[in-house]
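Two independent chains are provided; combine them into the complex using the hints.
One letter stands for each residue in the lines below.
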Amino acid sequence: MAADPGPDEALRLSGITKRFGAFTANDRIDLGIAWGEVHALLGENGAGKTTLMRIVTGLYQPDEGTMSLDGTPVAFRRPEQALRAGIGMVHQHFTLVPTLTELENLAMAPAAVPWRNGRAAARRRAAEVEASTGLRIDPDRLVADASVGERQRLEIVKLLCRGARLLIFDEPSASLSPGEWDELAKLMRRLAGEGHAVVLISHKLSEVFSVADRWTVLRGGAVAGTGDIAGTTPEHLVELMVGESVAPRRERTPASPGAPTLVIRDLSVDRLAEVDLTVHAGEIVGVAGVAGSGQAELVEAVLGIRPAAAGSVELSGQRLERRTPQAFYAAGGALIPEDRHHVAVVGGMTLGENINLRALRQAPLARRGRINLGAARLRARRLMTEYEVRATGENQPMARLSGGNQQKAVLARELSTEPSLVIAVQPVRGLDVRATEFVYRRLTEHRNRGGAVLLISMDLDEVIALSDRIAVLAHGRVRGVLDAAEATRSRIGALMTSSEVRP
Amino acid sequence: MGVFDIAFLVSALTIAAPILMAATGELISQRAGVMNVGLEGVLLAGAFAGYLTMTRVENQALGFLGGIAGGLLLAALMGLLAIEVKVDQIVAGIAIGVLGLGLTTFLDQHFVPEPQTFKPLPRIEIPLLSDIPVAGPLLFDQDLFIWATLAVVGLAALVMYRTTWGINLAATGETPVAADAAGVSVRGLRWSAVLVSGALAGAAGAYISIGDVGVFREDMTGGRGYLAIAAVLFGAWRLRGLLAAVAIFAVTDAVQLRLQSMPAVPGEIWTAAAIAVLAGLIVMRRGLVVGGAVLIALVALAVVHPVVSLPASLWLAMPYVLALVALAAGGASRHRAPSALTLPYVRSEA
Numbered sequence: 001m002a003a004d005p006g007p008d009e010a011l012r013l014s015g016i017t018k019r020f021g022a023f024t025a026n027d028r029i030d031l032g033i034a035w036g037e038v039h040a041l042l043g044e045n046g047a048g049k050t051t052l053m054r055i056v057t058g059l060y061q062p063d064e065g066t067m068s069l070d071g072t073p074v075a076f077r078r079p080e081q082a083l084r085a086g087i088g089m090v091h092q093h094f095t096l097v098p099t100l101t102e103l104e105n106l107a108m109a110p111a112a113v114p115w116r117n118g119r120a121a122a123r124r125r126a127a128e129v130e131a132s133t134g135l136r137i138d139p140d141r142l143v144a145d146a147s148v149g150e151r152q153r154l155e156i157v158k159l160l161c162r163g164a165r166l167l168i169f170d171e172p173s174a175s176l177s178p179g180e181w182d183e184l185a186k187l188m189r190r191l192a193g194e195g196h197a198v199v200l201i202s203h204k205l206s207e208v209f210s211v212a213d214r215w216t217v218l219r220g221g222a223v224a225g226t227g228d229i230a231g232t233t234p235e236h237l238v239e240l241m242v243g244e245s246v247a248p249r250r251e252r253t254p255a256s257p258g259a260p261t262l263v264i265r266d267l268s269v270d271r272l273a274e275v276d277l278t279v280h281a282g283e284i285v286g287v288a289g290v291a292g293s294g295q296a297e298l299v300e301a302v303l304g305i306r307p308a309a310a311g312s313v314e315l316s317g318q319r320l321e322r323r324t325p326q327a328f329y330a331a332g333g334a335l336i337p338e339d340r341h342h343v344a345v346v347g348g349m350t351l352g353e354n355i356n357l358r359a360l361r362q363a364p365l366a367r368r369g370r371i372n373l374g375a376a377r378l379r380a381r382r383l384m385t386e387y388e389v390r391a392t393g394e395n396q397p398m399a400r401l402s403g404g405n406q407q408k409a410v411l412a413r414e415l416s417t418e419p420s421l422v423i424a425v426q427p428v429r430g431l432d433v434r435a436t437e438f439v440y441r442r443l444t445e446h447r448n449r450g451g452a453v454l455l456i457s458m459d460l461d462e463v464i465a466l467s468d469r470i471a472v473l474a475h476g477r478v479r480g481v482l483d484a485a486e487a488t489r490s491r492i493g494a495l496m497t498s499s500e501v502r503p
Numbered sequence: 001m002g003v004f005d006i007a008f009l010v011s012a013l014t015i016a017a018p019i020l021m022a023a024t025g026e027l028i029s030q031r032a033g034v035m036n037v038g039l040e041g042v043l044l045a046g047a048f049a050g051y052l053t054m055t056r057v058e059n060q061a062l063g064f065l066g067g068i069a070g071g072l073l074l075a076a077l078m079g080l081l082a083i084e085v086k087v088d089q090i091v092a093g094i095a096i097g098v099l100g101l102g103l104t105t106f107l108d109q110h111f112v113p114e115p116q117t118f119k120p121l122p123r124i125e126i127p128l129l130s131d132i133p134v135a136g137p138l139l140f141d142q143d144l145f146i147w148a149t150l151a152v153v154g155l156a157a158l159v160m161y162r163t164t165w166g167i168n169l170a171a172t173g174e175t176p177v178a179a180d181a182a183g184v185s186v187r188g189l190r191w192s193a194v195l196v197s198g199a200l201a202g203a204a205g206a207y208i209s210i211g212d213v214g215v216f217r218e219d220m221t222g223g224r225g226y227l228a229i230a231a232v233l234f235g236a237w238r239l240r241g242l243l244a245a246v247a248i249f250a251v252t253d254a255v256q257l258r259l260q261s262m263p264a265v266p267g268e269i270w271t272a273a274a275i276a277v278l279a280g281l282i283v284m285r286r287g288l289v290v291g292g293a294v295l296i297a298l299v300a301l302a303v304v305h306p307v308v309s310l311p312a313s314l315w316l317a318m319p320y321v322l323a324l325v326a327l328a329a330g331g332a333s334r335h336r337a338p339s340a341l342t343l344p345y346v347r348s349e350a
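Protein chains in written order, with my numbering: chain A, 1 to 503; chain B, 1 to 350.
You can trust all of the hints, since none of them are fake.
Not the full set, but computed from the structure, chain A residues with beta-carbon under 10 Å of chain B: (1) 78; (2) 79; (3) 98; (4) 99.
These aren't lab readings, by the way, just hints derived from the structure by calculation. Glycine residues also receive a C-beta, built at the ideal position from the N, C-alpha and C atoms.
The following block holds chain B by itself, in its conformation from the complex (with noise of 0.2 Å):
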């Protein structure tokens, strides 16, 4: 049995829908100005909020009710320090992100010493369409958080280019002045982003908790908080950029997951790998002598196949290693970011 079947492709984008959530609501954040670089720590607080909550109710609606409320806490915390005391965006998302590890940890330990397991979210299999072979269990057998990730990012295109709301969006994130002498308030706008940021968060912190394995761990989010960063960046600030980047990862990892039980790498990865890079040097442009040179090294493993396995942990670390990549390829493409990312508004500088 290969490695690219149906099972795969589930696995796939049961990796990409949380890391999506997150990485939506980021791209919001930004869009405003306001980079939350500890997005993981949000992301985990989500996760343990979720799992807390259903630890004292157990009712999955609530569950992911306490996530959001868990990612709101943090993002609140984020938005107070960038937007109201106008402290460094990098060290106060630093300050997030460890607080939001530390402190997952130590709640965890204090108030739910015996880890206990739930059932993950209900596979919802609608009839007739699940029964479409490929596309059937890939699309009509899912659970819900799925759907919502899709709603929510269906949403967001919706609301960002198709509102007034985007328009001041983007305006308060690229020329804030221009934003406020509107009429637009700088103040609100970032807040409610990052809000917004932090409920989207929360959500799929939940869903990596209690709604897809059904416990809690230490650090269990795993770097996915990184990953939406990258993605947004990756994306160039625009939503069609941020899926494909998640696309990209999510298949990655689940790559990744496949391989760590296989004996030998496959020969299909190497070709797999060989058509990745050739889309993105046809993408790109740049980069040929020493995209080509992978290319071909790449094209002669799936010719030779030779019998090679590499150790599990080299394999954890391709998503990153890829995250890594793809940042430093669109390096050019940076430009694009929102200007007044990261900038503190100071009004009457006029």
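So that you can see chain A by itself, here it is in the shape it has in the complex (with noise of 0.2 Å):
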């Protein structure tokens, strides 16, 4: 099935395979990417893409197997090597000065002389860059002024400017909004058009069937098909990833919503300006909106990080004066942050510690003012198992563990309390696929016990597969509650972009 890329092959791997230690993160990979195309390299996390683009860009020396650029063998011991050789990756974080200027970033290299001054043979090669590509960097601006797509922007003119023909995106939409994604697919096509060679490596499909020529997907860090985008499906590209067919989304039991858990009425924090929204017992209540909206404002108000200038806050009928985190967490709340690395959890402790913090002044953890270490031991490996968290033990350091088990194990730890109330802030932010759906399945199962929920998200289409009621928050002001039944993107994104304010 593999799609010949013919006589314009740019890079051919043959039987590339990596090992660390006992683990194989790629096992002979074959992967021939053309000049003038697109290719997706699709995969769960842990599939070994980042492995595999590691030992393409010289970060990574393979075990076995060849590369070849061109047709003429090429191995890589650095990645100036790679860099030189054409091959350039636009990193998920941008590897960029902010305290430079854009032209600065570009002049950055390697001085053969230690008195050259490269800025002004810079400012020529951006000219070329931009004559030939049309894009555009504004050489005097300090990158800390910039916006994340004008970094990329920037990111992508500097390996250009080196020479860069083959260009690798990881995963760059995910700091992207949906404008500066179109942007950039735009400039993906262009630059196919001119005869560079492109791999976007993304987990979103849909993107995918937007751009992209070719597809290649790895599973276990072994190839699981390749293919022309052309023939293929979605369905298709999924069931390659996960192995097996993902369950199409439950049906959803019809929410019985109880009393009103959190009440909050009048809210005014920084931008957020009069909000009310209530989740009841027994619902998920989801927030919509553009990165920015005012989502942070919000939870941190309700949490009793940031002080509200005016309204109240009510959890399980207790209203919240002076708010504290651990007044929320006494009342019944429970978080699911956004930043799992730096709030979420904390990574030099043991997973266990992580999934017991919550717990550790309750009875059996706490005794007479001592932690009982046996009965924390018995509760971490207990909710391990049952929250599916895959992990060599309880004593393994929570920052050893992959994005999708430390979610699962921060989902242990707020659940576990039994909460009347979780927000969860973007909850499957970088996961895969099997673990977003856990984490969806863990949610719902909360709210059919009766707890309330309160999901904010970018993702409009988790908002709209998820809730129950939806709430609109553009520029900090609820634009309108709407039930999951009347709910489409088309509705959504009316209220999203509404600007009207009403009095």
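As structure tokens, this is what we get:
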């Protein structure tokens, strides 16, 4: 089924194998990438995409297998060599220096003689790139002052200036707004049209289908399939990625909302203005809106991290005066924070300690002011099984777990205390299909047991799929609350972009 | 005769030069992400190595080369610890500082049991120009080191702000992963920055011993290394700020040298201090209440002109007290520190 890239072949990998100890990250991978195509590389987290691309860009050396570029065998021992050969990567986290100007970021290069000044040459090359691709930068602006989309553009210009002909984009849409993604998609097509080769690493099938010519799916470190986009369907690719058919979204039992659990009245915090929002027991309320519409302010005000200018918050019938995080948790609240690495988990502590963090002050873990380590161990093990956390044991350092397992541990910690309200902020960010499904299932189960869930997400599909009611937040105000039945993308989109300020 | 005469300015310049030389090196090192807290030890190593060379060959050029070699040696140790072994830089720096003091004291007693004195660097009197009033003796009747310092600072400005190497330097201290991705060797750049800083501190140390006074004494750098580090911080990691900070420290030090020999504090000191505080308030636009109170007190002192004398030890501490005040006042600018300062670079966390 492998579509032959034909005579225009740019990069050919054959039999690439990479092992880390007993673990095989890449297993005899064959891959061909042609000039002038956008090639989508798909796969779940841990499927081996990152390892493979690190081999291609010279960060890792393969244990077995060969690479050839334009038919000539190549072996990169350092990233510089790959770059010199014309292979460049746009990382998810940009490799730009914020305190330098855009021009200086382009001029950064190994200096052959220390007194050379590369600024003028960089300006010239940037002009050449602009002439051929239309990519325009603002040379004298500090990178710190540029938007995410502009920084990504600079990153691409940087690679093109250095003569990259094969560009690898590692999940480029993760930090982009939809508008910026459309721009980028157009640009990828243009680069391919000029004869560059583009590799797009992505989870998002909609993106893949909108720009790619060919696809390759990795699963468990090996190639699960490859072919032309024209001859495939999203369902087929998902099946290849996951290895089995993901069950279609379960029929949702209709919500049976009970008493109000979270009642927010007239809350005004910084840019958030007069927000009224109620979440009942047994329902999931989604908050839709583009990033920066006031979501962070809402969560932080309810939690008590950010002081509110006006308004009240009631949780389980208790009015939360002088809100503190402690009072929030004591009143039966729980939080799945957006930033997993810095807020949700303590990377340096063990998995068991992370899971038990919330239960340390209650029996049976607390015994006359001391922690009952035996009980803590048992509890951690029980929750690990219950929440399918895969780890070598409860003593594994949290930072060593994969993103999906970390999130499962966070769910275990937050949901095991039977909270009346869970605030979930972007709970599946960066997770693969299977882990995403797990998080969705657990949140839905929590709601079915009579818990209340406030789901905050920038992903409209997620909000629509999970929520019973949807509140649309735009410019710090709730523009409307829709029932799941009447919520469509276009209706929510219209509310999101509505700019009229209601009195 | 007042406090602020030409001799005073000359002494301020002599005090400033070695601090400025060492601070320029430290700035380059810190811009690359390596903070050498043990700069004091490197200065001492330079001072002693220069002195030791002099006792053996009695040639000032070789003496300075010896001082530079001594500084390079300790800086190389710092580089080894910070860049290769990736030890915590603060801990490594403290070790370097202690080592510099202990080692030079020990070696001094061991190799040079009889203290020797040499002629300091000769002043180079430039004909005609040195006859200009004020500027003449100040600028055109100085030793070679003063000129070398000016050249080094000028060169540093050129390299830091006008070359690709300077861009790479800033990138390495700010976002090493970006420099690495651009093919710049983070390791190589940090090594060269640390060694440059060692060479400059070594030369500065040699000036303190054989260049300025012609002797070596235990711990004779007397905290100039720490002043240099303070100047880098207070100057917000910019060369211009660094110059201002060193100027302030040197003038204060020169003032205290003068006052030690005076029976009472002359009134012009209060006036000068009042002007300095006023200028500080205008520049900072902060701390108006405290600053204003100090200003009023100083003006009152200048007008009343009481006969006060302060103990010499208090005068000695003045530059350091001022450094502390400067650092506290400059607290807001601390966010301008290179982001990767003191952080070892480990690749592959792309």
